[in-house]
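Novice: Sequence:
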Amino acid sequence: MIDYKNELNPAQYEAATTLEGPMLVIAGAGSGKTRTVVYRLANMVEQGISASNILLLTFTRKAAQEMQNRAAQLLGQSAAMVGGVQGGTFHAFAYSILRMHKPDGYEGDLSVMDSADAAGALKHCKDMLSLGKGDRSFPKTQTVMGLLSKARNKELTVEDVLRREAFHLASYAGDLSKISESYRGFKRKHSLMDYDDLLFELERLLKSNPELLEYYRDRFKYIMVDEFQDTNLVQARLVRLLGGGHRNVMAVGDDAQSIYAFRGANVQNILDFPDMFPGTKIVKLEENYRSVQPVLNLTNAILDDAPQAFHKKLFTRREGGQTPHVMRPLSDLTQASMVTSKVSELLRTYPPEEIAVLFRAGYQSYHVEMQLGKLGVKFKKYGGVRYADAAHVKDVLSYIRLVVNPLDLPAFQRMASLVKGIGAKTCLKLYEAAQKADRSVLHKACARYPELQEDFKLLEQLRTKPLTPAGLTSAVIEHYQPRLEANYPDDYPRRQHGLEQLVQIAASYNDVDLMLSDLCLEDPTTDKGEDISAVTLSTIHSAKGLEWAAVLLIDLVEDRFPSRHAMNKAEDFEEERRLMYVACTRARDYLGLFVPATIYDRSGGGNTPANPSPFVRDLPDHLYEDWRENFTGTLTRREASMPSFRPAPAYKSTGKPAGAGAESATGSLGNGGKPASGYCTHKIFGKGKIIQHVPPDKYRVNFPGFGLKVIMAQYLTME
DNA sequence: AGCATTACCATTTTT
DNA sequence: TGGTAATGCT
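If you're matching positions, the first sequence starts at 19 in our numbering and goes up one per residue.
Keep in mind that the hints are not guaranteed to be accurate.
Here are the computed lysine to aspartate or glutamate pairs in the EDC-like style, where the Cα-Cα straight-line distance is at most 16 Å [to be verified]:
id	residue 1	residue 2
1	Lys398	Glu371
2	Lys707	Asp619
3	Lys587	Asp577
4	Lys587	Glu199
5	Lys462	Glu472
6	Lys412	Glu518
7	Lys707	Glu503
8	Lys360	Glu183
9	Lys443	Glu647
10	Lys331	Glu372
11	Lys120	Asp145
12	Lys141	Glu199
13	Lys80	Glu565
14	Lys196	Glu183
15	Lys205	Glu304
16	Lys80	Glu643
17	Lys454	Glu472
18	Lys299	Glu38
19	Lys398	Glu387
20	Lys120	Asp236
21	Lys207	Glu304
22	Lys707	Asp536
23	Lys438	Glu503
24	Lys587	Glu576
25	Lys701	Glu737
26	Lys205	Asp122
27	Lys196	Asp127
28	Lys239	Glu372
29	Lys716	Asp636
30	Lys360	Glu647
31	Lys399	Glu363
32	Lys151	Asp193
33	Lys205	Asp132
34	Lys727	Glu518
35	Lys443	Glu472
36	Lys727	Asp577
No lab work stands behind these hints, which were simulated from the structure alone.
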């Protein structure tokens, strides 16, 4: 038996032992959220609840895995029972149900498209409508895909999305709607679903089929949803549908860590949870077990003037600890060297897997990667471009997909295109012939392209004899080998190694179908080399939920972080702030913030001066040590006696009441204050866009050419 | 029709 | 910088 009372703090205990009824757990960063959920799972099993009656929805597969592992550790013997907990991402969960209950309107076997498949389909639709031909400013396929997906995720019309965030494309609204329509038809016709469809179709299925809904409500008597602040509207409705009967729903989240608004996540969901399930018990976890006090002081300061609905002040009992560093290299190039030498220094104290370098966008780690490579420091990178070098994996997977579903269009296109001489047009012709079982056309093609014939032969062969997923995968790889060597002459050994790992992954599945759905919905590269000890390079988004002893955060300058694209709307700016918060709260002992004085900018012709990020500028300077790189490459610490140009920090030890957001005109949490918006003029800087009201009497304004400034209202003329 | 070359463009984050 | 789409060649 586990001694819950002693191993958990009072708030955690309450969350872990309240099993019935709706509950909302507001879990501050590092407050032992996973621990709480795991203990709750253990408690449920101990109370005799069958694991198969528990549904645990997490944001990533990694998180799900982590919870199961830790629950297994905790429970020891009964670990196997916890393994029976249903769960995963919303998308994977949706697909597992949709595979068993095909929704109306789909013919044949369903296939899920990953983003590359979806882009291909979208491009096809665009070409069919011959839209944007010869128009250079017509949005690119990727852009179109982003816009359509955003519209669906936020449940807005394409016009609305364009008006709100891509005004320069407003004239294409009609064309984009047409493409959207055509894309919808295309998916229906070929039984394809993209990521967004999985959620909407599951909702449609459950709504149109009350008996099925009843079945699943009974099946999943206890529901837990992790990272609730990152759910979008459909996801929240799905939770309401599934939890509607028994109401045993626990949502865990932190509104201060909501960083997925760009893909439709709605902070309002977590605020509205108590309305969705009246009688919700609210538990706040505020004790931080992760970071030392100096790090925590800094992260608390980041949130200081952000509007928060669920106000919390994190505290820790971890005494002492190092004050965070702000490092100011001369350029982004020397930043890379400084980061590398800091990493080397840290490696004397910590193992590599306890060190992470974080950044806003995937490309920003480029220099650091080079430097680390030079010194022979092993690292693994998460986030950023994923499928660029995974083309070979996708090739192999398309064969397997075609074995399972002969009419999987994207897979067919991929396989056929591997044959030299077959392009997009021929692909489609062949596919149509295959669909109609038109033997003559296929025979002709096979005669013309012997490689294609071999492909077909292989598929038929593999279909007849049932193999294990691993056996199937090896067979395909063997067949694919010559093409691997032909297509990637320069680096096929490396890719071959990756394929061997694919066989390893396949070996852990009994069911090919399940393996395919997992691999389509998860990033296959994540599983690679998980066991190798290495320094982590990661985008902040991919770092969510993880922690390291030492965290280095790079490129903290305007236009990089906050991203240039987030400088137009107050709510986007607030999301960047939360991103900064998430990044800094990953650190346990050491936090290093890197602020290069210049960055490479090709429009400016090389290195141009950069403004330090407002997230660093606004920090009270007693919270960090300030180190600057000299031209000689040495470091100087700015002495405390040196004057600070910053006014006394607007820092109240009492913290602000929850309603404070209303008086600061940001109001990005909805009700209350009006959002700071519109333009103003300054005598020297000219016209600028108002980003944020800085109480009581200042505004943060983005002036084109000058960057972000905080200016007293009396010097500004409003428009 | 496919494929190589060139010219140009726009730059985030992810299931 | 690199990826993408129009252009031109086979």
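Novice: None of the hints should be skipped; say for each whether it holds.
Specialist: Status of each hint after checking the structure:
1. Lys398 to Glu371: Holds, at roughly 10 Å.
2. Lys707 to Asp619: Roughly 23 Å between the alpha carbons, so the hint for Lys707 and Asp619 is violated.
3. Lys587 to Asp577: holds (14 Å)
4. Lys587 to Glu199: Outside the cut-off at roughly 30 Å; violated.
5. Lys462 to Glu472: The hint holds at about 14 Å.
6. Lys412 to Glu518: holds (14 Å)
7. Lys707 to Glu503: Between Lys707 and Glu503 the Cα gap is close to 54 Å, so the pair fails against 16 Å, i.e. violated.
8. Lys360 to Glu183: violated (39 Å)
9. Lys443 to Glu647: Violated, at roughly 58 Å.
10. Lys331 to Glu372: violated (26 Å)
11. Lys120 to Asp145: Not OK: Lys120 and Asp145 at ~30 Å, beyond 16 Å, violated.
12. Lys141 to Glu199: This hinted pair holds, its Cα atoms lying about 13 Å apart.
13. Lys80 to Glu565: Roughly 13 Å separates the two Cα atoms, so the pair holds.
14. Lys196 to Glu183: Judged against 16 Å, a Cα distance of about 20 Å means the pair is violated.
15. Lys205 to Glu304: Outside the cut-off at roughly 46 Å; violated.
16. Lys80 to Glu643: Since the Cα atoms of Lys80 and Glu643 sit roughly 35 Å apart, the hinted pair is violated (cutoff 16 Å).
17. Lys454 to Glu472: Distance of about 21 Å is beyond 16 Å: violated.
18. Lys299 to Glu38: Holds, at about 10 Å.
19. Lys398 to Glu387: OK: Lys398 and Glu387 at ~10 Å, within 16 Å.
20. Lys120 to Asp236: violated (20 Å)
21. Lys207 to Glu304: violated (51 Å)
22. Lys707 to Asp536: violated (44 Å)
23. Lys438 to Glu503: holds (14 Å)
24. Lys587 to Glu576: Holds, at roughly 15 Å.
25. Lys701 to Glu737: holds (14 Å)
26. Lys205 to Asp122: holds (13 Å)
27. Lys196 to Asp127: Roughly 27 Å separates the two Cα atoms, so the pair is violated.
28. Lys239 to Glu372: This hinted pair is violated, its Cα atoms lying about 38 Å apart.
29. Lys716 to Asp636: holds (13 Å)
30. Lys360 to Glu647: The hint holds at about 13 Å.
31. Lys399 to Glu363: violated (20 Å)
32. Lys151 to Asp193: This hinted pair holds, its Cα atoms lying about 12 Å apart.
33. Lys205 to Asp132: Satisfied, since the Cα-Cα distance of roughly 13 Å is no more than 16 Å.
34. Lys727 to Glu518: It is violated: about 53 Å lies between the C-alpha atoms, which goes past 16 Å.
35. Lys443 to Glu472: Roughly 21 Å between the alpha carbons, so the hint for Lys443 and Glu472 is violated.
36. Lys727 to Asp577: holds (13 Å)
Going down the numbered hints, you'll see the structure goes against 2, 4, 7, 8, 9, 10, 11, 14, 15, 16, 17, 20, 21, 22, 27, 28, 31, 34, 35, while the others check out.
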